[in-house]
Amino acid sequence: MSKDAVIVIDMLNDFADPKGALYCPNGRTIIPNIQDLLKFSHERGIQVVFIQEAHRKNDKDFLVRPVHAVKGTWGSDFIDELRPEEDKGDYIIQKRRHSSFAYTDLDLFLREEGIDTVVLTGTWTNVCVRSTGSDALYHTYKVVCISDCVASKTEEMHQAGLVDISLFGKVMTLAEYKASKN
Numbered sequence: 236m237s238k239d240a241v242i243v244i245d246m247l248n249d250f251a252d253p254k255g256a257l258y259c260p261n262g263r264t265i266i267p268n269i270q271d272l273l274k275f276s277h278e279r280g281i282q283v284v285f286i287q288e289a290h291r292k293n294d295k296d297f298l299v300r301p302v303h304a305v306k307g308t309w310g311s312d313f314i315d316e317l318r319p320e321e322d323k324g325d326y327i328i329q330k331r332r333h334s335s336f337a338y339t340d341l342d343l344f345l346r347e348e349g350i351d352t353v354v355l356t357g358t359w360t361n362v363c364v365r366s367t368g369s370d371a372l373y374h375t376y377k378v379v380c381i382s383d384c385v386a387s388k389t390e391e392m393h394q395a396g397l398v399d400i401s402l403f404g405k406v407m408t409l410a411e412y413k414a415s416k417n
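So in my numbering, the last spot in the sequence shown is 417, and the numbers never skip.
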């Protein structure tokens, strides 16, 4: 039996709020599904990890993308609807690049917890979610992507991300994932 960790990627103000610098309108539509998944996970003792993009001022990432999610700003903060619940064991990882594994302690944390499967949720299916998934594979984790818990700016971007992820992981709906755990 696998030991999963649900990874909630970049559900932050700059991505999931209409005033955000890199607002992803479709990101609003997945909030109820992620809330449902988190409730399900907490009830079953499935580890939840929140990923928080937190750039430094003048980060080199801003050479190719607009300034966004600067550490300590409103843009880098979690949206009100999806905040980590540390009293329930949720863990927070801050990152500065697309992949949640790049230069973070995500791999160390997952190994310490005996996790073998990452369950991907969050924003920009074709960028940060896909990057995290491919790096998870490189780190020898099984990859599951919940298709109705991830979103991109357009449906085409979202579908392209899911196609890429399906090459190295399992893509399933929230209902399918929950049924697989019962």
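I should point out that these hints are in silico values taken from the structure, not numbers from a laboratory.
No experiment lies behind these values; they were computed from the predicted model shown.
Misleading hints may appear alongside valid ones.
Label pairs and their computed distance ranges (CB to CB) [unchecked claim]:
| id | residue 1 | residue 2 | range |
| --- | --- | --- | --- |
| 1 | 267 | 417 | 16 to 26 angstroms |
| 2 | 271 | 298 | 18 to 28 angstroms |
| 3 | 344 | 391 | 31 to 41 angstroms |
| 4 | 254 | 280 | 11 to 21 angstroms |
| 5 | 327 | 274 | 13 to 23 angstroms |
| 6 | 309 | 339 | 16 to 26 angstroms |
The beta-carbon is built from N, C-alpha and C at its ideal position, and this holds for glycine as well.
* Any of the earlier hints contradicted here, and which numbers? -> Result: hints 2 and 4 break, sorted rising.
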